[in-house]
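Going line by line, the protein sequences match chains B and C. For what it's worth, the working numbering labels the leading residue of the first sequence as 1, then goes sequentially. For what it's worth, the working numbering labels the leading residue of the second sequence as 280, then goes sequentially.
One thing to keep in mind: the hints can contain errors.
[Claimed, not checked] Just a sample of chain C residues kept apart from chain B, beta carbon distances all over 10 Å, derived: (1) R286; (2) L309; (3) A322; (4) E331; (5) R349; (6) A367; (7) T368; (8) A371; (9) L372; (10) A375; (11) A378.
[What the hints assert, rightly or not] Stretches of chain B that chain C covers, calculated by requiring three or more beta carbons in the stretch to come under 8 Å of a beta carbon on chain C: (12) 223-235; (13) 250-260.
Just so you know, these hints were derived from the structure itself, not from any lab. None of the values given here were measured: they were computed from a predicted structure. Each residue gets a CB set at the ideal place from its N, CA and C atoms; glycine is no exception.
In case you want the letters, here they are:
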Amino acid sequence: MSEITLQTVVADLDRLPALSAVVQDLLDYLQQPEVDVGQVAQRIARDPTLAARLLRVANSSFYGLQGQVATIADALVVLGLRSVRTLVTGAAVASHLQSLAVAGYDGRAFWSHSAGTALCARTLARQVGASPENAFTAGLLHDIGRLILAARFPEAYRRVEAHRAQRDCYPLEAEREVLGFDHTQIGAALAARWKFPAEITAAISWHHSPADQPDGSLAELIHVADVMAHALDFPGGEDDLVPQLSSVAWNRLGLGWIEFRRLLGEVDAQRGDADRVLE
Amino acid sequence: MSTPIRRFPLDQAQPGMVLAADVMSGGNVLLPLGTVLSAAQLAGLAKREVGEIVVLAPVERSAAEIEALRVAQERRVQRLFRRAGSDATMQALLRAVQAYRLEGIE
């Protein structure tokens, strides 16, 4: 049995297949202070998978325009040019890492929870006046460190999983007890290496300890979205647990419980979108 | 359990009803059996002067069925919250999730 450290896992990130040149170029372009809609649309169109994903997001029931958004340029108008950078990051990274098939690991459950958290985050964001698109992307990628661990260090991951099953504890506790580090640190390292927008990186890093972030951070919203997704059975399964909800994050978000129940219903009504997020 | 089938005049049909037979027009299938009707589709059928459609009747649950669903939902929520402990925020969350799931049954 070989021990691994956070340094081992982080050093290994360089061996992951890189994002495509088209996506890299697009993300670089979107970082410029002035961007041209036509240029962005043209760059997106060079990657048909990415283009299809963005159109799917723009046509989701959330925006109330199902089936009406036919072109990339229209999608950019619906989604807003400023949010495109985060959406491209999410769509590109998700489709890129979906190819990391892992023997003995339930990738479907992982992505079901990721998509569910993205839907919850988007719904919460609209309620509290945050950017729905940033929230959606952060939700989609919040647990990405766990996928990296399972894909690249399957033996270590199996030990974590066995520990979790034996103690019936939270996956986060099992990671810390077995490895001495957890998926948020791996995710944050990947986000930094692949130059995710800073807000997304912080949300990945702090979604289990949102009280350590300033009031109004995306981390507190993703923390609540994560809890909400588990409560709605994303991914479901006999062993699933609703994570400990931080009272600090909850109070900062400023929602009431009656409101929260209504939002559970809103996400439930979008369940069909969860499958489309990732197909 | 077989689900009852009912004929519905189109103007009384509601979005969300499920077609129990193809909707035909002059030998063409306008909408296939199993379609969950949307408001737009109902409007489309009205435009094509479809008079009535055959849908699955809404399921009416017996008291015993409702009770069984209620127990199943409560068990599921307890299972998901089995590590919640006595923390006040977690208990409030549990009650909200429980209430949400139960309101969907009746």
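Verification of the supplied hints:
1. R286: Since the minimum Cβ distance to chain B is about 28 Å, R286 of chain C lies beyond 10 Å and the statement holds.
2. L309: Holds, since 18 Å exceeds 10 Å.
3. A322: Holds, because the least Cβ-Cβ distance between A322 of chain C and chain B comes to about 14 Å, which exceeds 10 Å.
4. E331: 27 Å, holds
5. R349: 17 Å, holds
6. A367: 7 Å, violated
7. T368: The assertion about T368 of chain C is violated, with a minimum of 4 Å to chain B.
8. A371: 6 Å, violated
9. L372: At about 5 Å from chain B, L372 of chain C fails to clear the 10 Å cut-off, so the statement is violated.
10. A375: The claim is violated: A375 of chain C sits with its nearest Cβ about 4 Å from chain B, within 10 Å.
11. A378: Non-interface label fails for A378 of chain C: nearest chain B Cβ at 6 Å, not farther than 10 Å.
12. 223-235: Our answer is that it holds, as 4 residues pass the Cβ test (under 8 Å) against chain C, meeting three.
13. 250-260: holds (count 3)
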